[in-house]
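If you count the sequence shown from 1, you need to add 15 to reach this note's numbering.
Because the hints were derived from the structure by calculation, they are not lab data.
Just so you know, nobody snuck in bad clues.
What follows is a set of in silico ranges between Cβ atoms, one per label pair, in the way DEER data are often shown:
no., residue 1, residue 2, range
1, 46, 68, 18 to 24 Å
2, 111, 82, 17 to 23 Å
3, 85, 65, 16 to 22 Å
4, 27, 114, 29 to 35 Å
5, 60, 95, 14 to 20 Å
6, 95, 122, 31 to 37 Å
Below, simulated EDC-like cross-link-like pairs (lysine to aspartate or glutamate); rule was C-alpha separation at most 20 Å, straight line:
no., residue 1, residue 2
7, 90, 33
8, 120, 75
9, 90, 60
10, 64, 89
11, 64, 32
12, 116, 71
13, 120, 107
14, 64, 37
15, 116, 18
16, 64, 33
17, 90, 32
18, 90, 68
19, 90, 58
For every residue, glycine included, the Cβ atom is placed at its ideal position computed from N, Cα and C.
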Amino acid sequence: MFEPGHLHIARPALQPDDVGYDIHIHYQAAQTDSGPGMHFTMEGEINGKSFNEAFDLPKDLAYNFASEASRIAEKHGLPRDTEMRAAHTDYDLMFEDIREKLDMKSGDPVKPEHLE
Numbered sequence: 016m017f018e019p020g021h022l023h024i025a026r027p028a029l030q031p032d033d034v035g036y037d038i039h040i041h042y043q044a045a046q047t048d049s050g051p052g053m054h055f056t057m058e059g060e061i062n063g064k065s066f067n068e069a070f071d072l073p074k075d076l077a078y079n080f081a082s083e084a085s086r087i088a089e090k091h092g093l094p095r096d097t098e099m100r101a102a103h104t105d106y107d108l109m110f111e112d113i114r115e116k117l118d119m120k121s122g123d124p125v126k127p128e129h130l131e
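Let the sequences and hints guide you as you build the complete structure.
Shown next as C-alpha cells:
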C-alpha cells in the first residue's frame with residue numbers, strides 16, 4: 016500500500032517454512048552528507064522479529080532505494096532469495112513521489128563517485 020512518504024509491504028507466512036514480513040518504509044526529502052537527498056526509515060517485522068533502521072541516499076541515488084531496503088531486510092532475517100513484493104503500481108507511485116520531492120528530471124546526472 017502506498018501513500019506519499021510511505022510504502023507498506025506485507026506478506027504472511029502461509030506455510031511453516033515460509034518467511035512472513037510486515038515492513039513500512041517512510042521517506043522524506045533531507046540534506047544528506049552528499050547534498051540534497053532522501054531520508055528513509057524502515058521498520059516492521061520479519062518472521063516475528065522487530066527491526067527499525069534508517070538510511071540516507073543522495074538525490075542521484077534516491078531511485079535505488081529498493082537495493083538498500085533489500086540489504087537491510089536481509090540483515091534482519093529476510094532470506095536473500097525472498098523478494099519484498101509490493102504492487103508494481105505502488106512502486107511506480109513511490110518513484111514518482113520521490114522524483115517530485117527532489118525535483119528530479121529525466122537525464123539528471125549521477126555523480127561518478129556514487130557508482131563505485
